[in-house]
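A.B. asks: These are the residues of each chain, in order.
There are 2 protein chains.
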Amino acid sequence: MPSRSRQATPVQAEFDTADRLHSAAIHLLRSLRVEDRASGLSGPRLSALSVIVFAGPLPMSGLALAEQVQPPTITKLVRDMEQDGLVERVRDTDDRRVLMVRATVRGRSLLQEGRRRRVVRLAAALEKLPTVDRKLLARAARLIDRLARPPGSKTTVS
Amino acid sequence: MPSRSRQATPVQAEFDTADRLHSAAIHLLRSLRVEDRASGLSGPRLSALSVIVFAGPLPMSGLALAEQVQPPTITKLVRDMEQDGLVERVRDTDDRRVLMVRATVRGRSLLQEGRRRRVVRLAAALEKLPTVDRKLLARAARLIDRLARPPGSKTTVS
DNA sequence: ATATTTAGTTAGACCAGCTAACTAATTCTA
DNA sequence: TAGAATTAGTTAGCTGGTCTAACTAAATAT
Numbered sequence: 002m003p004s005r006s007r008q009a010t011p012v013q014a015e016f017d018t019a020d021r022l023h024s025a026a027i028h029l030l031r032s033l034r035v036e037d038r039a040s041g042l043s044g045p046r047l048s049a050l051s052v053i054v055f056a057g058p059l060p061m062s063g064l065a066l067a068e069q070v071q072p073p074t075i076t077k078l079v080r081d082m083e084q085d086g087l088v089e090r091v092r093d094t095d096d097r098r099v100l101m102v103r104a105t106v107r108g109r110s111l112l113q114e115g116r117r118r119r120v121v122r123l124a125a126a127l128e129k130l131p132t133v134d135r136k137l138l139a140r141a142a143r144l145i146d147r148l149a150r151p152p153g154s155k156t157t158v159s
Numbered sequence: 002m003p004s005r006s007r008q009a010t011p012v013q014a015e016f017d018t019a020d021r022l023h024s025a026a027i028h029l030l031r032s033l034r035v036e037d038r039a040s041g042l043s044g045p046r047l048s049a050l051s052v053i054v055f056a057g058p059l060p061m062s063g064l065a066l067a068e069q070v071q072p073p074t075i076t077k078l079v080r081d082m083e084q085d086g087l088v089e090r091v092r093d094t095d096d097r098r099v100l101m102v103r104a105t106v107r108g109r110s111l112l113q114e115g116r117r118r119r120v121v122r123l124a125a126a127l128e129k130l131p132t133v134d135r136k137l138l139a140r141a142a143r144l145i146d147r148l149a150r151p152p153g154s155k156t157t158v159s
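Protein sequences appear in the order of chains A and B.
Residue 17 in this note's numbering is what sits at position 16 of the first sequence, and the numbering runs on without skipping anything.
Residue 50 in this note's numbering is what sits at position 49 of the second sequence, and the numbering runs on without skipping anything.
For the record, the hints were derived by calculation from the structure and aren't laboratory data.
Predicted, not measured: the structure shown is a model, and the values here were computed from it.
You may find that some hints are simply not true.
No copy labels: a pair is met if it fits in one copy or bridges any two.
Claimed, not checked - When the alpha-carbon atoms are kept at most 25 Å apart in a straight line, the in silico DMTMM-like pairs for lysine to aspartate or glutamate are as follows: (1) K77 with E89; (2) K136 with D17; (3) K129 with D146; (4) K129 with D81; (5) K136 with D146; (6) K129 with E114.
Between the sequences and the hints, there should be enough to build the whole structure, so can you do that?
C.D. replies: Here it is, written out as structure tokens:
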């Protein structure tokens with residue numbers, strides 16, 4: 002629903018792009034959400050689990066940072082995922098305040114499955130696109146992700 | 002967190018792009034969410050209000066369609082927005098089952114303000130990008146949005 | 001005239017996010 | 001080294017957005 006540029010001043014152009022990107026992201030995620038219940042892995046879980054699998058084990062705080070959410074959000078997320086047997090929390094022996102989160106075998110395999118499910122529809126749509134468009138989107142995805150982690154995000158994660 | 006392609010088979014390539022796009026979208030929205038409370042317009046509200054302003058007045062069902070959510074979601078969203086004086090619901094005189102939603106003056110002006118706030122950080126980041134990248138993202142945004150409305154979405158709504 | 005369909009709502013559940021206030025462990029400092 | 005300050009994480013309690021199932025009311029079709 003963006004693109005209400007009357008006469009695109011330079012600034013207006015970026016603004017429109019930003020707006021369009023924003024609403025595209027909303028719609029994209031909404032359309033993917035359909036697969037959620039099927040796999041038992043929602044977007045946030047999927048995203049967190051992915052970090053845990055590929056960058057873990059890591060402390061709760063590290064996960065919060067990587068996921069750009071507040072600590073309590075992670076507490077709840079990880080607690081629920083632990084209950085579902087996807088991850089485990091292990092007290093760090095050096096610093097006994099920190100809890101390391103690591104994926105279980107089940108978590109690992111569900112991640113593969115869940116990612117597959119969730120993006121499969123998108124991947125299918127992608128396949129129908131001309132090669133140029135696909136390449137464009139591949140580059141765009143990287144750009145967007147960088148854009149979305151602006152100031153001091155030095156997260157190694159992905 | 003994507004890009005775990007060992008050897009990119011054709012299918013694998015699309016899968017990776019899809020995955021990356023997915024996680025880019027999550028991160029993008031999270032990073033934008035910071036501005037939410039400031040403007041009082043969350044993502045969904047902003048998106049819906051945008052539809053209402055530029056494609057409205059329109060029936061609840063039309064809004065649900067445009068926003069790709071179930072009717073009850075719209076009921077609540079619009080009810081709350083009405084309470085906040087952003088929109089009004091008017092019973093259609095022809096078909097007295099339908100409720101037309103239209104933006105109030107306040108809604109209109111808050112939309113401008115809200116969009117500005119919410120995407121301003123993104124737009125700023127965009128400005129720092131080389132022109133090629135900006136153009137790429139502008140095209141990508143359109144593509145993504147189309148991708149996200151797959152089968153029979155003939156919504157006129159931008 | 002009744003049955004069916006359609007538009008929207010209500011009820012009730014769930015998940016994801018937040019802030020504020022807390023506990024426990026660690027580190028700093030006087 | 002005792003006490004203060006900091007840091008990691010949790011709990012409690014709120015808001016918002018989403019869903020499905022079951023409903024009401026209006027319109028349409030048989």
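A.B. asks: The structure should be examined with respect to each hint, and the outcome stated for every one.
C.D. replies: The hints, checked one at a time:
1. K77 with E89: This pair counts as within: shortest intra-copy Cα distance 13 Å, inter-copy 37 Å.
2. K136 with D17: Classified as both; 22 Å inside a copy, 12 Å across copies.
3. K129 with D146: both (24 Å within a copy, 15 Å between copies)
4. K129 with D81: Close neither inside one copy (37 Å) nor across copies (40 Å); limit 25 Å.
5. K136 with D146: Both: 16 Å inside a chain and 16 Å across chains, each within 25 Å.
6. K129 with E114: This pair counts as within: shortest intra-copy Cα distance 22 Å, inter-copy 38 Å.
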